[in-house]
Amino acid sequence: MSSQSLQKVKKNVSDNLHWIPLIILVVWTVFPFIWALSASFKTQTEVYDTPPSLIPNSLYLENYARVFTYPDFWTFMLNSVILAITSTILAVVTSVIAGYGFARYAFKFRHVLLMIILIPRIIPRASLIVPLFTGIATLGLLDTRIALIITYTATAVPLATWVLAGFFQAIPRALEEAASIDGARPWQVVWYVIIPISLPAILTVSIFSLRESWNEFPFVLAFTTSSDMRTLPYQLFMLRESMGMQDWPMMLAFTLVTIAPLLILYLIFEKRVVNGVVSGAVK
Amino acid sequence: MQGEQQLGMKQHIRKKRTLPKRVIPYLLIFPAILFVLGVLGYAVISGTLLSFFRYDLSYVDKPFVWFDNYIYLFNNENFQNALVRSLIFVLSSVVLGLILAMSFALSLYKVKTMKNTFKGLALIPYLVSGIATAIMFRFMFSSDVGLVNMVLASFGFEPILFLSSPNWAVFVTVLANVWHIVPFSILILLAGLQSIDNELFQAAEVDGANKYYVLTKIILPLIAPMMGIAMIWLSFASFNMFDVVLPLTGGGPNRATEFMAVYMYNVAFTELKYSLGSTVMVFILLFNVGTSMLYLKIFKASE
Chain A
10 MSSQSLQKVK KNVSDNLHWI PLIILVVWTV FPFIWALSAS FKTQTEVYDT PPSLIPNSLY
70 LENYARVFTY PDFWTFMLNS VILAITSTIL AVVTSVIAGY GFARYAFKFR HVLLMIILIP
130 RIIPRASLIV PLFTGIATLG LLDTRIALII TYTATAVPLA TWVLAGFFQA IPRALEEAAS
190 IDGARPWQVV WYVIIPISLP AILTVSIFSL RESWNEFPFV LAFTTSSDMR TLPYQLFMLR
250 ESMGMQDWPM MLAFTLVTIA PLLILYLIFE KRVVNGVVSG AVK
Chain B
8 MQGEQQLGMK QHIRKKRTLP KRVIPYLLIF PAILFVLGVL GYAVISGTLL SFFRYDLSYV
68 DKPFVWFDNY IYLFNNENFQ NALVRSLIFV LSSVVLGLIL AMSFALSLYK VKTMKNTFKG
128 LALIPYLVSG IATAIMFRFM FSSDVGLVNM VLASFGFEPI LFLSSPNWAV FVTVLANVWH
188 IVPFSILILL AGLQSIDNEL FQAAEVDGAN KYYVLTKIIL PLIAPMMGIA MIWLSFASFN
248 MFDVVLPLTG GGPNRATEFM AVYMYNVAFT ELKYSLGSTV MVFILLFNVG TSMLYLKIFK
308 ASE
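Each protein sequence line maps, in turn, to chains A and B. For the first sequence, this note's numbering assigns the number 10 to the initial residue and increments by one for each residue that follows. For the second sequence, this note's numbering assigns the number 8 to the initial residue and increments by one for each residue that follows.
Each hint should be verified, as a subset may be incorrect.
To be verified - Derived pair list, reagent style DSS-like, types lysine-lysine, alpha-carbon separation capped at 27 Å: (1) B:K117 to A:K20; (2) A:K19 to B:K119; (3) B:K122 to A:K20; (4) A:K19 to B:K224; (5) A:K19 to B:K122; (6) A:K17 to B:K224; (7) B:K119 to B:K28; (8) A:K17 to B:K122; (9) A:K20 to B:K304; (10) A:K17 to B:K218; (11) A:K17 to B:K119; (12) A:K19 to B:K218; (13) B:K218 to B:K119; (14) B:K224 to B:K307; (15) B:K224 to A:K20; (16) B:K28 to A:K117; (17) B:K117 to A:K19; (18) B:K218 to B:K117; (19) B:K122 to B:K224; (20) B:K307 to A:K17.
Since the hints were made in silico from the structure, they are not lab data. Only a predicted model underlies this, so the values are computations on that prediction, with no experimental measurement involved.
The whole structure should be built from the sequences, with the hints applied where relevant.
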């Protein structure tokens with residue numbers, strides 16, 4: 010081999026070196042899902058087979074059937090959906106209004122009030138369970154959806170307000186001025202000018218909030234007691250606790266069912282969300 | 008006289024018009040402030056107050072005890088254990104997380120084919136709940152059906168009881184935690200990489216610089232602040248991690264994975280010592296304030 014072609018090979022290799030970490034990334038990210046997915050189609054004895062095989066012997070759907078007919082499964086699903094949707098709508102509406110207020114008005118204590126909204130971002134949800142538990146108990150709201158909706162909304166507002174205020178600020182004022190010269194009232198300006206332009210940011214913020222409320226665990230663990238109030242993540246936790254002889258296939262099927270809705274939503278909006286999250290992440 | 012009256016009226020009208028306008032921004036931000044102060048502000052203040060009282064189920068009244076809870080905590084060996092364990096957990100998660108996030112971010116930055124698909128894929132664990140993460144990892148590392156043990160067995164190794172041996176349990180928890188929190192730090196680093204001026208690379212190429220030189224002399228120094236932010240974010244997320252740890256190990260075996268947030272939960276809801284739990288909360292918040300200050304400092308320095 011001539012030294013020239015050797016150099017070519019060398020260059021070729023070094024140009025494609027990034028594929029090694031990339032392949033590791035794909036395997037690292039996807040493998041836990043694939044392995045869980047494969048096991049969720051196996052029978053209870055099949056998971057013990059050695060050597061394990063990635064492809065199940067047959068497409069055994071019984072595990073999923075057992076998840077969907079699990080006592081109160083649809084109650085948990087409904088609770089999860091209600092909590093995620095109501096708290097997200099509340100948080101996004103509150104944050105759009107507040108974000109607009111911060112972005113477009115100069116007022117006394119603006120800075121202090123902005124800080125009050127932003128500082129809680131450094132407070133992790135789980136750390137607040139003790140005082141919130143005693144507070145909610147005093148109000149007699151333990152084991153209610155209201156307590157969860159309010160707390161979920163409150164934890165979602167800081168980040169949402171921050172991202173939206175930043176986005177609104179970047180919209181040229183000339184657009185609003187043009188609309189108000191044409192006789193639009195302030196709320197019309199917001200509704201017909203600001204909101205349509207900001208849809209990508211609103212979408213990103215909504216996904217952030219949905220992700221938090223759909224996956225939320227410490228609050229629902231601490232503030233609810235009856236199975237009527239349980240959400241899917243909480244039930245998954247209880248399932249793991251209650252199984253002496255672990256029924257892995259069914260538990261993994263349950264796990265994947267709880268992941269699926271958010272994943273589907275994410276895949277639909279992926280492009281916009283990824284870019285939104287990248288710019289939101291750095292703030 | 009008439010003129011004065013008119014002037015007065017005019018002023019009156021103007022006042023009437025401007026007054027609501029001054030109120031508008033306050034009205035707009037009121038609901039957000041209400042949620043944040045009413046829930047988060049309340050929790051922080053009442054939790055801090057509670058840490059100065061003795062409040063648990065064995066006491067009927069709620070006596071004020073000054074710093075007794077804090078003194079008790081710092082002398083308590085379970086708290087000391089949680090602190091040491093947390094620091095080990097945070098340190099290992101940050102080291103492993105940063106190495107992975109950095110190499111993933113660099114390869115995502117470099118790749119041309121299906122860039123967006125890979126980027127979208129990398130973010131997926133961010134959407135998965137801590138419990139789901141915990142269960143998938145528990146399955147892979149379980150002693151009887153776990154893939155890892157089956158692979159080990161096929162090489163003739165004895166099975167390892169990952170979740171019942173203290174050191175291995177920490178290892179598995181770190182792995183699951185890193186899987187869960189790395190996507191977000193990839194995004195932070197990727198944002199840093201994308202902000203590098205392309206002309207720098209072209210100039211380096213013209214000068215005949217090799218890849219190693221470009222990486223160590225151009226890329227790394229330029230994204231050092233973003234690496235600092237990613238690092239702090241990783242340590243922040245790890246120190247507060249609750250959702251992954253509780254379902255994965257429950258803090259065991261023998262308190263080996265009882266990190267700060269799990270310790271707080273156990274103190275408050277297993278031992279039912281609410282005021283002591285609040286004291287741990289104050290400690291966690293102070294730690295977070297410290298990390299955030301560092302974050303701001305690095306962020307300011309980078310601007």
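Okay, the hints, checked on the actual structure:
For the suggested pair B:K117 and A:K20, the alpha carbons sit about 15 Å apart, so the restraint of at most 27 Å is met. Taking the CA atoms of A:K19 and B:K119, the gap is about 20 Å. The hint holds against a cut of 27 Å. The straight-line distance between the Cα atoms of B:K122 and A:K20 is roughly 22 Å, inside the 27 Å bound, and the hint therefore holds. For a cut-off of 27 Å, the pair hint linking A:K19 to B:K224 stands: about 22 Å separates their Cα positions.
Distance hint between A:K19 and B:K122 is fulfilled; the C-alpha atoms sit about 24 Å from each other, no more than 27 Å. Only pairs whose Cα atoms come within 27 Å are accepted, and A:K17 paired with B:K224 is accepted, the gap being roughly 25 Å. A distance of roughly 52 Å separates the Cα atoms of B:K119 and B:K28; the hinted pair therefore is violated under the 27 Å criterion. With a C-alpha separation of about 25 Å, the suggested pairing of A:K17 with B:K122 holds against the 27 Å cut-off.
Restraint check for A:K20 and B:K304: the C-alpha separation of about 41 Å exceeds 27 Å, so the hint is violated. Between A:K17 and B:K218 the alpha-carbon distance is near 15 Å, which keeps this suggested pair within the 27 Å criterion. For the hint linking A:K17 to B:K119, the alpha-carbon distance of about 20 Å falls within 27 Å, and the restraint holds. Pair hint A:K19 plus B:K218 holds up; C-alpha atoms about 12 Å apart against a cutoff of 27 Å.
Using a Cα cut-off of 27 Å, the hinted pair B:K218 and B:K119 holds, with the two alpha carbons roughly 17 Å apart. At most 27 Å may separate the alpha-carbon atoms for a hinted pair to count; B:K224 and B:K307 meet this at roughly 22 Å. Distance check on the hinted pair: B:K224 and A:K20 sit about 20 Å apart at the alpha-carbon level, within 27 Å; holds. Of the supplied pair hints, the one linking B:K28 and A:K117 holds, its CA atoms being roughly 13 Å apart against a limit of 27 Å.
Proximity of B:K117 to A:K19 is assessed by CA-CA distance (about 18 Å); at most 27 Å being required, the pair is judged to hold. Annotation: proposed proximity of B:K218 to B:K117 holds, straight-line Cα distance about 12 Å (limit 27 Å). For the hint linking B:K122 to B:K224, the alpha-carbon distance of about 25 Å falls within 27 Å, and the restraint holds. With a CA separation close to 44 Å, the supplied pair B:K307 and A:K17 exceeds the 27 Å bound.
When held up to the earlier numbered hints, the structure conflicts with 7, 9, 20 and fits the remainder.
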